[in-house]
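Chain order of the listed sequences is A and B.
Letter 68 of the first sequence, counting from 1, is numbered 159 in my numbering, and no numbers are missing.
Letter 544 of the second sequence, counting from 1, is numbered 560 in my numbering, and no numbers are missing.
Since the hints were derived computationally from the structure, they do not count as laboratory data.
Worth double-checking, as some hints may not be accurate.
[To be verified] Here are the simulated lysine-lysine pairs, BS3-like style, with alpha carbons at most 25 Å apart:
no., chain 1, residue 1, chain 2, residue 2
1, A, Lys304, B, Lys702
2, B, Lys713, B, Lys319
3, A, Lys326, B, Lys558
4, B, Lys449, B, Lys412
5, A, Lys304, B, Lys168
6, B, Lys383, B, Lys168
7, B, Lys213, B, Lys449
8, B, Lys702, A, Lys326
9, B, Lys707, B, Lys730
10, A, Lys356, B, Lys381
11, B, Lys472, B, Lys516
12, B, Lys316, A, Lys310
13, B, Lys108, A, Lys304
14, B, Lys558, A, Lys310
15, B, Lys71, B, Lys108
[Stated by the list, open to error] Far from chain A by the CB rule (all over 10 Å, computed), these chain B residues:
no., residue
16, Thr101
17, Asp280
18, Gly309
19, Val390
20, Ile391
21, Pro392
22, Asp579
23, Glu670
24, Lys690
Ideal Cβ placement from N, Cα and C applies to all residues, glycine included.
Spelled out, the chains give:
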Amino acid sequence: MSGGQKENMDLFKQAHDEERDPTIAKLLVHLKTMREAVPVNYQLKKDLKQKLLAQMQQMGEVKKAEEPAFQNKSKRTRRWVTSLAILIAVIMISVIWGTRQGPAIENLNPFPIQNDIVDADLSPDGKQVIFLTRDHLLLYDTKGQKINSIPLPEQSEVNAVAYSPLGHEAAFVSQDQQSSKIWAANLYGGAKRLIYDAGDVPIQSLNWSSDGKWLYVQKAGEIWKLSTNSTQAVKIAQGLQPSVSPSGNHIAAEQNGEIILISEKEDQVKKIGNGEKPQWMNEKWLVFFDSAKQDFIAVNPLEESIEQVPLGLSDKLSLPRELHSSTNGLEVIVICQENKNEVSVYMGTSRWR
Amino acid sequence: MNKRLINLLALLFVLLLGTEAYAENRQADIEGTIEIPLAGLYKSNNMVRLNVHLKNNGEAFSGNMVIKRMNPDADQILSFKKEVTLKGGEEKWVYLDVPGENINGQQVAIGLMQKDSVVAQFPIAQNGNFNDLVVGVLSENPEAYDFLNLVKPWEQRNTIVKPLKAGDMPEESWILYNLDILALGGVPKGLTEPQIKAISEWVQSGGIMIVSGGESYASAKTTFGELLPFASTETSPRSLAELAEWAKVVPPVSTVQGLKESLDLFHIVDQGAGKVLVVAYDVLEEPLASWQGNKEVWLKIFKEFLLPPLTSIEARPMLDMNYGITELSYMIPGVASPNLAFIAFIWLLYIFIVSPVLYYYLKRKDKREAAWLVIPLLSIGLTAGVYFFGKYQVAKTDAIHTASMVNIVNDHLAKVDSATSILMVNGGSYTLKMNDNGLYIPGNAMGRPDASNLVKIKENGNIAFENVPYLSTQLAYGKSLRNDVGSFETMLYVEDNRLKGRIQNNTGLDLQDVGLRMGMQEFAIGALKKGEQTEIDQYFQKIYMSLPEPTDRNRIKEQTRLDRLQSLAKSTAWEWGQGALQPIQITGISTVEGFNLFDVLDRSEVPHYSTLVRQQTNLTSQPSGTVLFPYGTLPARMGEAQGSWSQFDPNVWELSEGFINFALKVHPDGIEVKRVEIPLNEAPYKPFEKKIYNVEKDQWETIQAEEPLVFEGKELAPYVTSGGEMVLRFRNQTAQNIVLPVPYFQVEGEEKK
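Construct the complete structure from the given sequences, taking the supplied hints into account.
This is the structure in structure tokens:
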């Protein structure tokens with residue numbers, strides 16, 4: 092409101108009041124006169140007012156500042172608790188989901204090297220792959236980087252390769268017209284040692300025991316275990332394609348189109364189901380190939396009622412033939428039979444309940 | 017002004033004079049001479065005794081004796097100190113045992129130190145060697161065995177032949193390890209009982225002694241008695257025709273006087289871990305003493321009899337420290353590493369609780385400047401708290417842990433290596449007393465001889481550790497020969513591919529784990545208490561090579577002392593058994609009992625022990641009277657090689673485009689061999705072309721190995737060398753590198769009567 096407007100208002104009020112009661116108007120005028128006549132320290136008043144306002148403002152700000160901090164803190168806590176609860180829930184669901192899920196092979200990709208491969212195996216630590224070709228052992232890391240190339244004995248055919256459990260050697264079978272031999276090649280030095288000479292009896296399939304002291308092989312139609320550092324050779328049973336469990340307590344093999352489980356100590360044989368090429372993934376899970384379903388089947392053969400779990404690889408790959416895993420069972424390679432003399436290799440991950 | 021300058025200069029001059037006078041006072045008037053036993057012979061990889069004769073011509077002296085460089089920095093100390101006190105006018109002998117490497121090849125002196133200054137020094141003569149073959153000759157004739165100077169069994173090692181007098185011989189057996197061989201011929205008079213005992217102990221613990229026969233034998237027999245094989249000193253004429261045939265030389269005479277009792281011209285016997293070679297004739301007698309043909313004869317003697325024991329582990333110098341037991345000794349029971357979680361908790365408590373609370377408290381009280389005092393005080397208090405309470409978390413009491421490797425030589429002698437770790441919770445100074453006339457080797461935590469430690473040797477030989485920080489582990493390493501260990505009594509034989517018999521623990525220890533090793537096979541026996549006996553019946557496999565053991569780093573971290581001792585037994589087994597003619601190795605382990613080489617004086621510490629006991633033993637006859645040495649139990653050594661070859665493993669070679677010869681010890685000492693079987697038809701040997709050396713015809717014969725190679729009765733003779741070995745050649749003509757395990761074989765025979 093400007094000064095002129097205020098004066099007009101006062102005049103208007105005065106005229107109006109005089110019209111109603113001239114005594115009141117006079118009294119008001121008198122009071123105003125009196126008030127103006129009292130000496131007031133306007134500077135002090137102004138300062139006090141300013142201080143009061145400043146203090147009030149400060150108090151107001153503190154209050155303002157306190158209230159949002161508290162509110163923020165509680166909001167943050169709520170957020171943290173909610174996030175944590177969600178995380179725990181996700182983990183629990185994953186765990187429950189994982190345990191409810193059966194074994195599976197996932198993330199399959201073709202290995203970058205695929206030339207003239209006769210057989211292949213995955214290293215126990217899952218970081219390297221050994222390829223058996225007609226004239227070389229080729230050692231690669233899982234990214235496809237070549238590590239070593241070891242020439243094989245000349246004038247012989249080769250048919251199987253298996254990593255030793257320590258990962259420093261690979262056993263392979265070489266066969267010529269006179270004899271079938273098992274060699275072990277040092278993968279880093281390249282020197283080869285002759286482990287076994289079977290004469291004219293063909294050797295197929297190699298499988299190391301987890302302590303590296305024995306090789307389980309198929310010698311004609313029989314399963315044998317051969318010492319890798321002595322001359323001991325023991326016939327186990329009739330059968331094909333033996334695979335020994337990590338503890339060495341059980342041998343899985345194929346017998347007349349059926350997978351059997353042999354317990355050496357207890358001298359027992361248990362039938363698992365129809366299939367071929369059994370392979371232990373860990374102490375619990377055994378995988379074999381079911382030619383009728385053209386798929387790999389995982390079983391827990393030590394349970395009383397054996398549930399067969401198809402791994403569904405026939406949907407993903409053409410003609411899968413063998414499965415090899417790392418010691419911890421997390422990495423796998425799948426060998427597929429492209430034609431009679433050539434195979435292709437896929438790498439993937441696996442999960443075992 | 018000039019006067020002032022003159023006064024100042026005069027004062028400076030006086031001060032300088034005073035300094036000179038002080039420097040002169042630092043020199044003590046002490047004369048010193050140094051004598052080294054064995055006429056000054058020592059090896060740089062051995063411990064050496066320096067006998068120092070001191071004569072004090074001045075005032076009483078009290079200080080330390082040290083090894084110091086002559087130049088350029090005269091105060092540089094190379095060795096631990098030895099306390100020395102000398103009265104005015106006193107003269108005495110003081111000895112100092114030092115690593116040879118500290119005095120060899122450099123200008124060094126014995127220094128006498130008072131406080132931190134060297135007050136006298138006496139140079140040490142340079143006479144050490146590292147690689148030479150050192151033969152000490154103890155004889156009245158200073159020219160005895162001179163012909164050995166011509167014999168060089170190793171191309172790159174010279175032969176030193178040193179005449180020794182009775183006075184040169186030490187009274188401590190370990191000093192004799194500065195010799196490779198001690199040759200006797202007409203033993204000089206004046207040898208004391210302790211000197212004779214030292215020589216006898218040295219031989220039994222791995223030394224090699226050559227004894228001249230003929231007329232010289234009598235003095236040796238009188239001095240060393242039971243150590244020598246023949247009781248009679250009687251001689252008779254003896255033809256040297258067999259010598260001519262054996263060494264392909266023509267002797268200057270056809271007959272000599274030889275020991276009547278000795279069937280061979282050169283007769284070698286085991287004495288504990290050592291060897292005694294007796295020559296039937298007198299090597300000091302002319303014309304044989306100065307015969308040029310001695311060179312060929314003795315070269316052959318070295319090759320066939322002396323090289324294996326010279327290179328065996330028993331003949332190793334005394335300076336070698338065993339890293340395995342040194343490391344093990346640090347595993348003191350009851351000592352825990354500081355708890356990292358606890359340390360982190362204290363640290364976080366200080367940072368997140370104590371500091372902010374303190375800050376706000378001081379701010380609230382408006383005394384922030386007090387933080388300058390409160391925070392340092394708090395830190396000091398916290399540190400003191402951690403020190404006083406924390407150190408007892410690491411170790412509650414003072415403790416010592418002695419890890420020992422005991423090699424039993426026979427019923428009454430054992431070589432003991434002991435590493436003792438001493439942990440005094442509050443540190444300080446303490447003294448060790450050494451038992452059993454042991455040899456203290458100044459060593460560091462890496463198991464390497466090292467003289468730069470806190471040790472001072474007292475005048476009485478005790479070892480003093482001074483001003484050791486709290487919770488600081490100190491190491492004392494020593495070697496000793498003990499007579500109280502005892503031994504394992506065995507009666508073991510192989511029959512039908514099984515190891516049978518019994519073993520009795522006659523050692524002084526209750527053993528928690530006993531194992532047998534034959535060839536490459538191990539048999540677990542289990543616990544065996546003192547005096548306990550157990551029957552053995554185990555299947556024996558034909559193992560031709562050992563396999564690598566998987567290494568699990570987590571497992572190594574979790575290893576107990578028992579695990580460590582088992583690993584130690586395993587990892588040292590091959591080296592220990594190398595060249596041994598006794599095929600069975602017995603190991604026993606105890607984490608409870610052991611032997612004290614060092615006693616800590618004036619402290620009441622808790623003793624702990626980790627002990628590995630080892631003994632080699634022989635196979636005995638089967639009940640039928642036959643002795644069978646199964647596959648892999650008799651030694652085979654590599655000989656000549658050509659092409660590309662390398663050793664992959666102690667028992668495994670790799671070969672391409674060349675050959676390797678192996679000499680197989682098919683004729684063990686004391687056995688009448690009836691049958692030898694070498695399974696060269698087995699897989700590992702199939703890739704190779706194989707030949708055998710016919711000694712009689714001096715030619716190589718090809719082996720068609722479809723079946724094992726078998727020699728029975730007299731078939732063996734043409735293929736066995738005079739050293740009882742059969743030589744096989746393995747050739748791989750291809751460029752493929754093929755693994756060749758050392759050939760293994762089985763020998764059957766009867767004990768010679």
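The hints, checked one at a time:
Proposed proximity of Lys304/A and Lys702/B is supported: the alpha carbons are some 21 Å apart, at most 25 Å. Distance restraint check for Lys713/B and Lys319/B: the Cα-Cα separation of roughly 21 Å lies within the 25 Å cut-off, and the hinted pair is therefore satisfied. For the hint linking Lys326/A to Lys558/B, the alpha-carbon distance of about 17 Å falls within 25 Å, and the restraint holds. For the proposed pair Lys449/B and Lys412/B, the alpha carbon gap of about 24 Å is at most 25 Å, so the pair holds.
Taken as a hint, the Lys304/A and Lys168/B pair is broken in the structure, with Cα atoms around 45 Å apart against an allowance of 25 Å. A hinted pair counts as satisfied when its Cα atoms are at most 25 Å apart, and Lys383/B with Lys168/B does not qualify at roughly 88 Å. A threshold of 25 Å between alpha carbons decides the hint, and for Lys213/B with Lys449/B the separation of about 23 Å falls inside it, so the pair holds. About 22 Å separates the Cα atoms of Lys702/B and Lys326/A, which keeps this hinted pair within 25 Å; it holds.
A distance of roughly 20 Å separates the Cα atoms of Lys707/B and Lys730/B; the hinted pair therefore holds under the 25 Å criterion. About 80 Å separates the Cα atoms of Lys356/A and Lys381/B, which puts this hinted pair outside 25 Å; it is violated. This hinted pair does not check out: Lys472/B and Lys516/B have alpha carbons roughly 53 Å apart, beyond 25 Å. Straight-line distance between C-alpha atoms of Lys316/B and Lys310/A comes to about 52 Å, which puts the hinted pair past the 25 Å bound.
Our distance criterion of 25 Å between C-alpha atoms is broken by Lys108/B and Lys304/A, whose separation comes to about 66 Å. Note on Lys558/B and Lys310/A: the hinted pairing holds, with a Cα-Cα distance of about 22 Å set against a maximum of 25 Å. Distance restraint check for Lys71/B and Lys108/B: the Cα-Cα separation of roughly 7 Å lies within the 25 Å cut-off, and the hinted pair is therefore satisfied. Every C-beta of chain A lies more than 10 Å from that of Thr101/B, the closest at about 62 Å, which supports listing it as non-interface.
The claim that Asp280/B is not at the interface with chain A holds, since no C-beta of that chain comes within 10 Å of its own (minimum 38 Å). Annotated as non-interface, Gly309/B keeps its C-beta farther than 10 Å from every C-beta of chain A; the closest such distance is 45 Å. Here Val390/B stays apart from chain A, with its beta-carbon at least about 30 Å from theirs, past the 10 Å limit. Under the 10 Å C-beta cut-off, the non-interface status given to Ile391/B relative to chain A holds; the minimum distance is some 29 Å.
Every beta carbon of chain A lies more than 10 Å from that of Pro392/B, the smallest distance being close to 35 Å; the non-interface claim holds. Distance to chain A confirms Asp579/B as a non-interface residue, since its nearest Cβ pair spans about 18 Å, more than 10 Å. Against chain A, the non-interface label of Glu670/B is violated: not every CB pair exceeds 10 Å, the least being about 4 Å. Non-interface status of Lys690/B relative to chain A is upheld: no Cβ of that chain comes within 10 Å, the nearest being about 23 Å off.
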